[in-house]
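**Student:** Spelled out from the first residue to the last, the chains are:
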Amino acid sequence: MTMRDDVELVVHQQIAEILPSARISGDLHLKDLGADSVDRVEILLGVLDRLGLRAPLSDFRDVPNVDALVDVLAERVS
Amino acid sequence: MTAGIEALNVYCGVAQIPVRALFEGRGLDVDRMGNLMMRNRSVGLPFEDPVTNAVNAARPVIDRLEPAEKDRVELLITSTESGLDYSKSVASYVHEYLGLPTTCRVVEVKQACYAATAAVQMAVAYVASGISPGAKALVIATDVALVDERGQYAEPATGAGAAAVLIGEDPRVLTVDLGAFGNHSYETMDSARPAPTFDIADSDRSLFAYLDCLTNCFEDYRSRVEDVDFATTFDYLAMHTPFAGMVKAAHRKLMREFAGTPPAQAEEDFTRRVLPSLTYPSMVGNLCSGSVYLALCSLIDHAPLDGGARVGLYSYGSGCSSEFFSGLVDHRSAEELAAMRVGDHLAGRCELTFEEYAGLLPANLRCLVPEQDRRVDVEAYEGILDRARAGRDLLVNTGTKDYHRTYEWLSI
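Chains L and S are the protein sequences, given in the same order.
The numbers in the working numbering rise by one with no breaks, and the one at position 38 of the first sequence is 38.
Take any residue in the second sequence, note its place counting from 1, add 1000, and you have its number in the working numbering.
Everything labelled a hint here was simulated from the structure, so no lab data went into it.
Every residue gets a Cβ at the ideal spot worked out from N, C-alpha and C, and that includes glycine.
There is no bait here: all hints are sound.
Restraint-style ranges between C-beta atoms, simulated for each label pair:
id	chain 1	residue 1	chain 2	residue 2	range
1	S	D1071	L	R54	48 to 54 Å
2	S	Q1152	L	H12	24 to 30 Å
3	L	D62	S	D1031	25 to 31 Å
Could you build all of it, start to finish, from the sequences and the hints given here?
**Tutor:** The following block contains the structure:
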């Protein structure tokens, strides 16, 4: 598995924890998966925690979809 | 030297709508009510404006002062994002209708939902400086809502009203920890009021900024104050409340970052240290820069304070500027605030149907629009007023004459 695969797994696990009934698709925004603003905060904070990263939430406000979130996080992890 | 809040009161209108009724009326997804954690929102009436809200919040505070004490109110600051004029302040009207001394400085400040805390800190510094021993300062955060269906999920969370904060040397409500504060500010366009009839907001930008600023403010606070531990230094927390669920998320974030507590284990701490501050905000909605002081009222009225307690307070205003500060409360705080009967005031508001609420919006959205001559027909709203239990005189806006706003006292 690549680093990106590892990050993707973490992102998908965290989404599933906050939104158990969501059908995750990489080309969708978290909003489209049914996440309200509080859910989005919890997903981002949980992912950062699991990856051992500290970053302002504002860094992720313009990320268009789940795949792009994985890309941005994978870049930071590496 | 001690300084802080001597008296505190809020005015949150005479009408409210249940959040569920608003969700159903707008066709919003009721599954999202859980994270919102809101029960009702205050609704202004067309004869209420930033001046009437401010005066109606502050008058019970001023009425309890002896004449000699009232004469010592040397500074009046209104904090509002609902200005009525580019030049003339809301404070100038408030000064008149509260009958404050002519020897009082009068000014208005603006920084979205943060400005009242900047004003409180400036007032505390003025009192604590000792340059005018015995002086008092009155800070009033006052706003109206300019929200309708365009606000989507922000509409059920938007409140209206005012918080009046009297600052002096005998801080019976909150003794401010002098020098214990942390700030964080930078430019961002997360929400704004570009014109007198509407707001704009980018919800993720705003919520993320609120949460980032909280972390940074606490870091700054911690750098100024020795031996601070987020989990143990503060017996209670009272925060700016855009909606109650946001404060819960904010608490979880700080517990995660500064106490190493995973979200699932933060619930007990939230219930004990934060939940008492959310009872009133969940009945009113976002009170703009008065919000953190509404949360403080809620905390004092609902938490056991017999042994004294330290409160951590957080204020955030879009744009943005923010502050984390702290102070002490005790049984005197509870006695002082009980005289204001905030719970009775909120319970006495008239419950509106969605149709009544929607019918008020066109007039409410014109509240801040300058008009040379205008008449507000207060009697047209008697049907709503008859269902409210205020039990006191309230100031009402009767219109404008040559751009000068006119007011009357009405017994409700």
